[in-house]
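Residue numbers (this note's numbering), protein chains in the order written: chain A, 12 to 257; chain B, 12 to 257; chain C, 12 to 257; chain D, 12 to 257; chain E, 12 to 257; chain F, 12 to 257; chain G, 12 to 257; chain H, 12 to 257.
These are calculated hints, taken from the structure and not from any lab test.
C-beta: ideal position from N, C-alpha, C; glycine also.
Some hints could be false.
[Unchecked claim] Short, incomplete list of chain E residues facing chain D, as computed with Cβ under 7 Å: (1) K82; (2) G235; (3) I254; (4) R257.
[To be verified] Counterexamples of contact, computed for chain D against chain B with all Cβ distances above 12 Å: (5) V27; (6) G67; (7) A70; (8) Q85; (9) E96; (10) F110; (11) I121; (12) N125; (13) G154; (14) D162; (15) A173; (16) H256.
[What the hints assert, rightly or not] Between beta-carbon pairs, the in silico distance windows are: (17) D:S28 - F:R159: 24 to 34 Å; (18) A:M179 - H:V127: 40 to 50 Å; (19) D:E106 - E:M179: 31 to 41 Å; (20) F:R159 - D:P122: 35 to 45 Å; (21) D:S111 - B:T24: 22 to 32 Å; (22) D:E177 - F:D176: 19 to 29 Å; (23) E:E106 - F:D176: 51 to 61 Å; (24) C:H174 - B:E26: 24 to 34 Å; (25) H:A102 - C:E42: 53 to 63 Å; (26) D:K21 - E:M179: 52 to 62 Å; (27) F:K82 - H:A102: 34 to 44 Å; (28) C:H174 - E:S104: 28 to 38 Å; (29) F:D176 - D:S104: 33 to 43 Å; (30) G:E42 - E:Y46: 48 to 58 Å.
Protein chains: 8
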Amino acid sequence: MDDIRSILSKVKTGEVSVDEALLQIKKAPFEDIDYAKIDLHRGVRQGVPEVIYGAGKTAEQIIGIADVMLKNGQTTILITRLSEESAKIVAASHELTYFSQARLGIIGTIPEKNGVGKIVVASGGTSDMPVAEEAALTAEAFGNEVVRLYDVGVAGLHRLLAHLDELMSANVVIAVAGMEGALASVVGGLVDCPVIAVPTSVGYGASFNGLSALLSMLNSCASGVSVVNIDNGFGAGFLASRINHR
Amino acid sequence: MDDIRSILSKVKTGEVSVDEALLQIKKAPFEDIDYAKIDLHRGVRQGVPEVIYGAGKTAEQIIGIADVMLKNGQTTILITRLSEESAKIVAASHELTYFSQARLGIIGTIPEKNGVGKIVVASGGTSDMPVAEEAALTAEAFGNEVVRLYDVGVAGLHRLLAHLDELMSANVVIAVAGMEGALASVVGGLVDCPVIAVPTSVGYGASFNGLSALLSMLNSCASGVSVVNIDNGFGAGFLASRINHR
Amino acid sequence: MDDIRSILSKVKTGEVSVDEALLQIKKAPFEDIDYAKIDLHRGVRQGVPEVIYGAGKTAEQIIGIADVMLKNGQTTILITRLSEESAKIVAASHELTYFSQARLGIIGTIPEKNGVGKIVVASGGTSDMPVAEEAALTAEAFGNEVVRLYDVGVAGLHRLLAHLDELMSANVVIAVAGMEGALASVVGGLVDCPVIAVPTSVGYGASFNGLSALLSMLNSCASGVSVVNIDNGFGAGFLASRINHR
Amino acid sequence: MDDIRSILSKVKTGEVSVDEALLQIKKAPFEDIDYAKIDLHRGVRQGVPEVIYGAGKTAEQIIGIADVMLKNGQTTILITRLSEESAKIVAASHELTYFSQARLGIIGTIPEKNGVGKIVVASGGTSDMPVAEEAALTAEAFGNEVVRLYDVGVAGLHRLLAHLDELMSANVVIAVAGMEGALASVVGGLVDCPVIAVPTSVGYGASFNGLSALLSMLNSCASGVSVVNIDNGFGAGFLASRINHR
Amino acid sequence: MDDIRSILSKVKTGEVSVDEALLQIKKAPFEDIDYAKIDLHRGVRQGVPEVIYGAGKTAEQIIGIADVMLKNGQTTILITRLSEESAKIVAASHELTYFSQARLGIIGTIPEKNGVGKIVVASGGTSDMPVAEEAALTAEAFGNEVVRLYDVGVAGLHRLLAHLDELMSANVVIAVAGMEGALASVVGGLVDCPVIAVPTSVGYGASFNGLSALLSMLNSCASGVSVVNIDNGFGAGFLASRINHR
Amino acid sequence: MDDIRSILSKVKTGEVSVDEALLQIKKAPFEDIDYAKIDLHRGVRQGVPEVIYGAGKTAEQIIGIADVMLKNGQTTILITRLSEESAKIVAASHELTYFSQARLGIIGTIPEKNGVGKIVVASGGTSDMPVAEEAALTAEAFGNEVVRLYDVGVAGLHRLLAHLDELMSANVVIAVAGMEGALASVVGGLVDCPVIAVPTSVGYGASFNGLSALLSMLNSCASGVSVVNIDNGFGAGFLASRINHR
Amino acid sequence: MDDIRSILSKVKTGEVSVDEALLQIKKAPFEDIDYAKIDLHRGVRQGVPEVIYGAGKTAEQIIGIADVMLKNGQTTILITRLSEESAKIVAASHELTYFSQARLGIIGTIPEKNGVGKIVVASGGTSDMPVAEEAALTAEAFGNEVVRLYDVGVAGLHRLLAHLDELMSANVVIAVAGMEGALASVVGGLVDCPVIAVPTSVGYGASFNGLSALLSMLNSCASGVSVVNIDNGFGAGFLASRINHR
Amino acid sequence: MDDIRSILSKVKTGEVSVDEALLQIKKAPFEDIDYAKIDLHRGVRQGVPEVIYGAGKTAEQIIGIADVMLKNGQTTILITRLSEESAKIVAASHELTYFSQARLGIIGTIPEKNGVGKIVVASGGTSDMPVAEEAALTAEAFGNEVVRLYDVGVAGLHRLLAHLDELMSANVVIAVAGMEGALASVVGGLVDCPVIAVPTSVGYGASFNGLSALLSMLNSCASGVSVVNIDNGFGAGFLASRINHR
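One chain only, chain A, in its complex shape (with noise of 0.2 Å):
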């Protein structure tokens, strides 16, 4: 879309007739085969990682689709809610490498970290560790640096007191829990960078599958923290790498 102009200036100068240019924008941006459309052009412009959910797909098509994009010069390929089983089926033909408990598999080499500062991921009990090491593993795919700060939650505060030092050098904090979510609150009260809130479908009753870290966690007192989907360890990931390469 950015490239609007550029086109334009091709058809002023004639290297491209009109309809080749209309043309272009519309075939440019991505591949069609069939059951997807995957966007090439962003991807090794960024010289980032690109992603592919692999949520509802096939073996077949996450393959399918990573082929496009290496054969488009993608260098690395991050793979989220990856199946056991999928892992397997592309771990023959792909050299990939599968972290279990975040389901998340990387094809190719993890860029080195240059990001600005650190990424802390926080999480609130043992049981929020795989959304975490979504989180985690995404942060580094992306070029960043990660601490890891687990089993901190709330009830237990000299837990994540204990961890200070850590927690006031980030330059983002990734805050990740179930049940209450008062982690969030509390992070956000010790630090000065922003705050990451991932909910986590951890709980049972009235947790409803993470609704309730989920309205806990948006009503925050403390300022500086905004929120992700329920589970999205990725997206916050993601979201932290972004804020940390600015």
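Could you slot chains B, C, D, E, F, G and H onto chain A? The hints should help.
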């Protein structure tokens, strides 16, 4: 109901006839004044204040109920959710102490403090004070020593930690908070006594009139925490008193 | 946290250096075994059981945590939400008593009963028994005498009234009920002690997995009632024990 | 609609033409006065009151509808949700009896009591009285003997038990309650007749304007209980009358 | 409970002692078999079937409860929500008639039809049949003549109108429908008898497991309609029988 | 946007420069008057009325927007959700026809009826009329012949059936209903044309401000029915016009 | 129902007796095969496919219904929500074309395309394809030309804009999307024809099984958009066909 | 809290006693003025404005808090949710700049713009302006350059695309929208910087006071988007400033 045995005994000895006995079971414990069936028995027996829920009652109805109670020997009457206007009308004919922030009135003398320990009422923010005061005044009216810790929300953790001594010396803590309600969990993790959480309807947007704080408190990851209805300061104060009189 | 003063005193006297002190504050209260930060301090000090929340933990993780606790002198460990399969694995290496209906395991000896009075656990129907048993066993594990009144739902009021004596002699009552959760209100109106209401997810249709009972209990017209999360038998038993040890 | 056969017979005998018959089917049962299509047929045939739902109608519209009904021979008209102001305007031109608490008006004579048995209207608290009265007055207007048992909420069980005789002599019970709505279950367990539960919007916080009572009543563990809409006193009274006229 | 007077009389005459009387009040009406308190009294007295709610009970528990009932003279036992597997086990030792679609079992003889009139069970679609059958079989087991009108949903109005005669001859109608639940309103507008609406969990998407039909039925613009819980065919059949035996 | 090709052609021929072209794409279709970006292009091109959503706009803002539209050649302007007060202010300077029940104003001339067929607007009750009128007037303002069938709710089925001819002659039907919203399904089963369902916020209690009707309509068992937002009479009238101009 | 007049005429002429006429009105339009009342009339008259909703029906029931339809002259039968297993059983005895992704089967010949224009089915992502295909195949089965635009979600706007020509040439657009459902609004702002929005249950966390997309689509700020139930591809295809055959 | 080490050092050197140290930890960071505990420390240290949440505070309380801040050297104070009336009272004694649309007041001087880049605030419609302005003014008060793009809702995509240059030059984008909230996803797909989505309570019917927009934004299919509470313009502006000062 616990008098069935004694009534039965009197039937045995002929002191009361069968029909009279049945009558006693039915008529004894309350007085019916058309718009209310007033429990007389328990109040006086226990030597504790009787309570009139002011919500949805006219000043006239409140006076009517109070008069029956006073006539039956009650010395302290607590009136909750009492509007400023009704308070004025009641005060015209009765010795009423009115607390406008908590919308609570007390007729008669406040009993002496005879609880086991202290009740700490902690609240998250300035706007939670009406509910916190309703809890604190109720607890006082039922004979408890109360310590108030207001505006100690978790986003400024140091304000709460500055009062660790008071918190830890409590026999019961009432944690009053709106928005994300995280105060209950943090307090629950710091103390060893029962914590009664009171969600408040303070907040906006996704706080949904206290639902967010309610869910958060129900899902507290700290043990020893239980919850009463949104804005139910009276209920928390009453329950705290019961625990403090074990 | 409550040790800050003693640590500060040692800094004063030179017993510990500043950095060592800071280290103590940070390191002391828990042991970090990668997937969990185990609180060692409080349990042993209080002479009460330590608790492992079994939900979302593998048998191996549970054993790892238990071993750290035992190594630190803990004599009783309660494991909640422990599946039959995990129980078998834990039992292979530890002296485990397993209660399958309540899905609760206890390693070590049960402390003697040293509570102030009796805890009555009342439940509405046969299907509420797993949650009721979790509450009852937890209370017993924490040193309380427990009386069980099961299947005393309000639709058959005489079954409840037949046990008025036990109810009225309680120091704390735990009322466990699904569906419409009316048991809490009725019990709350009969007794003078604190009532902890536990909504259960028993029911169908508009019970919405316990939401109906939860709302009903929160809105109880009886004073002295508070509520824990849906199916949270452990939380109720733990809190009842705290109240019973005031 | 049940007149199709008689109309068809008249077509056969030539009493009415085909087109006239079709016209009769279409036009007969109501009169169209622009803002309402008034059902005339059934009311007069059954000898029972006709009902005007006052909500959202101006006093002028109500008078207009009433006039059509009266013109067609109706002798009793019930007007629900009639505001005090509208009542005054209607009373200027019609013989109106107005019950302000129930916001219900009756034009004309109340039919004699011809139901099978008695209808008991039980309510939980003083604030539920408007809805209870709407139910009771409706039942009376439809020719039933009504017994009122107000302020018999389950938190004071003895107040309800004191009226066991009346309850057990009922042919239908209407149980009106807000907050946790437990009255329906307790009553349902005590009587052998149909129980119509009416949740009220009385309460605050997690009562969510009657949702709590509604869910509670729908999940009643007592058999023989059914539920009408929140605050629908009229609906309960009308249905009770139908059952009492079987 | 309704025996208090007779017990009191016996105390008077010396037939029973005071303690014995108290004992009788407490012990009489049920038998306690550990996992259930079985109500014996009422069933046999009324000459109607006793009901066992099969949900959440093992075949062994069901057999145990049934045996106590049979031992006490019960001749017909209805078992609801009885799985195919449990039915086989029960059938091995008892004369059980099992209706698999309605998941309902009956031990013993079905009482003769002694209701006032006919009960019509109308349902919206083929998928609502299990709930409709549970209602119909329950009504039959309690001594009622039942007429089934299935697949008469409002989208094909002529299918319903074709059965106007049956509908209008009913003494009670049970309207069973999922999705938008409009059947209850349409039927309610056509008949003069009580209509019991049963929302079903049939549907998908925004039917939210029966919530849509439930709300729709509660808001019925037709008078004389009340509602039971989602999928509660038994409750509807039981209540219809009560109304049909007025 | 659909002008890109024509603009590109002009770039080719040199009629416009590259920068000018880019400017045209950006500036052309609307006029920015600080508080609004007014779409000028489409309205005039299509020869149909332009719409101003009055909600949340002051009379002054509405006049400002209308003036820009009129200046650009627009001849008919529809203003929705226009309060009585704002209407008076607008009418002072513009030729405004105001419909108070529908809270809708029209500046200018109403276009002639040029739709394919007739649009029938059917509504359930008297209280639904404001929304029904908003739909009907909108459809008329967009050049359609409209037939109004009001107060034909499903509880009085004969009132609807009496108008079968009109219903069946419709090209599009708009079904407006609150409470249980069953009208949409019944109408959907009677006609062969598209049905647009408009839930209204009419009702009380469990109607939850239109949620009940909304869910009911979304779950309609009749095919050919789609739904717009609660109370969105304008949206239904606009869409019906689009369908009627295919 | 629309045959009442013709039947009445025959009564007039003596062709049919009154009772026979009544019988015809009742019996004519469907065949009752115990588990279903099959509508025969309309389908054949209109020359369009008849539909069997496969959900909750056994393969045997589906075959039974199809046989009645075929016997009555139906040439095309659409079976929705048909499982792979049921499809195999149906295919054994009937000429069935099965589309596994859309879980849709067609018996007989597909009618020729006779709609006014083209129907465009646009979908947000790969996971929305099953619902999109159900819509597209339904539209084709009802005689429409369909253009598929899949994976054109709003996060990659250029993919949608690249297909502006197809979008703008549509007579009806079906917009299928899960997650935030923004596709409907964006498409609604680009085209001048009716847009039918289909929310899908694709997503996780706060998508609440399609609720998020549903609400989003109902609140679309674009005019001309209406919504069908979550995942209701059939409904959208059917309605689009109706609009395309005006 | 981050001063513990420095305080400990002073204990070591004897500069402060143990008790004094403990006192410092507790007393330092805030001043307690009965109805509020005002944080003094951080504000002045960081050289950024201090914030007073005006909601639920009287003008007198606001002045009291402001005075403490000013006394402690604060030069800029932001007051959110400040009513027109309160603003007048505050302005009587302080140099207040009041923005009525955003209900925001600023005491003192606005700091110079020292952020990394520009913050773009985009909003969907005219009615979203109050929230958008709250965000924009907050960002400006915290030292950021702000670009406003208002009324660029997705239903008129060209209005948004016309500002692609501004959007793409942003360092952070705040997307403010009610109704379906699609703006966040579309913007998120166009830019490479962090997007903070602010749902507004603008809308009606199924927008449920902002719930629709909130869910939509949480489910955004675009990466790099996070969400703050409904109508929380301040929160978005504050967070954007933090990101823009990395």
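Now the hints, each set against the structure:
The criterion of a C-beta within 7 Å of any C-beta in chain D is not met by E:K82, whose closest approach is roughly 23 Å, and the hint is violated. Because the beta carbon of E:G235 sits about 5 Å from the nearest beta carbon in chain D, less than 7 Å, this interface hint is met. Nearest Cβ of chain D to the Cβ of E:I254: about 5 Å, under the 7 Å cut. The hint holds. Proximity of E:R257 to chain D holds as hinted, the smallest CB-CB distance being about 5 Å (cut-off 7 Å).
Listed as outside the interface, D:V27 is consistent with that label: its C-beta sits roughly 58 Å from the nearest C-beta of chain B, beyond the 12 Å cut-off. Taking the minimum C-beta to C-beta distance to chain B, about 25 Å, the non-interface status of D:G67 holds against the 12 Å cut. Remark: the non-interface label on D:A70 is consistent with the geometry, its nearest Cβ contact in chain B lying 27 Å away (cut-off 12 Å). With a least beta-carbon separation of about 34 Å from chain B, D:Q85 lies farther than 12 Å from that chain, consistent with its non-interface assignment.
Every beta carbon of chain B lies more than 12 Å from that of D:E96, the smallest distance being close to 20 Å; the non-interface claim holds. The beta carbon of D:F110 sits about 15 Å from the closest Cβ of chain B, which is more than 12 Å, so the claim that it is off the interface holds. Remark: the non-interface label on D:I121 is consistent with the geometry, its nearest Cβ contact in chain B lying 22 Å away (cut-off 12 Å). D:N125, annotated as away from the interface, keeps every beta carbon of chain B farther than 12 Å; the closest lies near 28 Å.
Residue placement check: D:G154 keeps its beta carbon more than 12 Å from all beta carbons of chain B (closest about 26 Å). In this structure D:D162 is not separated from chain B by more than 12 Å, as the shortest Cβ-Cβ distance comes to only about 4 Å. Some Cβ of chain B comes within 12 Å of the Cβ of D:A173; the nearest lies about 4 Å off, and the non-interface call is violated. With 12 Å as the threshold on Cβ separation, the claim that D:H256 sits away from chain B holds: the shortest Cβ distance comes to roughly 30 Å.
Checked against the hint of 24 to 34 Å, the pair D:S28 and F:R159 passes, with Cβ atoms roughly 29 Å apart. Judged by the Cβ atoms, the range 40 to 50 Å given for A:M179 and H:V127 is violated: they are separated by roughly 21 Å. Between D:E106 and E:M179, the C-beta spacing of about 35 Å keeps the proposed range 31 to 41 Å intact. In this structure the supplied range 35 to 45 Å holds for F:R159 paired with D:P122, their Cβ-Cβ distance being about 37 Å.
Taking 22 to 32 Å as the suggested C-beta distance range, the pair D:S111 and B:T24 does not conform, at roughly 52 Å. Checked against the hint of 19 to 29 Å, the pair D:E177 and F:D176 fails, with Cβ atoms roughly 55 Å apart. One distance hint, 51 to 61 Å for the beta-carbon pair E:E106 and F:D176, holds here, with the actual separation near 59 Å. Between C:H174 and B:E26 the beta carbon distance is about 28 Å. The supplied range of 24 to 34 Å therefore holds.
One distance hint, 53 to 63 Å for the beta-carbon pair H:A102 and C:E42, holds here, with the actual separation near 58 Å. Checked against the hint of 52 to 62 Å, the pair D:K21 and E:M179 fails, with Cβ atoms roughly 20 Å apart. Between F:K82 and H:A102 the Cβ separation comes to about 40 Å, which falls inside the hinted range of 34 to 44 Å. Taking 28 to 38 Å as the suggested C-beta distance range, the pair C:H174 and E:S104 conforms, at roughly 32 Å.
At about 38 Å, the beta-carbon gap between F:D176 and D:S104 stays in the expected band of 33 to 43 Å. For G:E42 paired with E:Y46, a C-beta distance near 50 Å keeps the hint of 48 to 58 Å intact.
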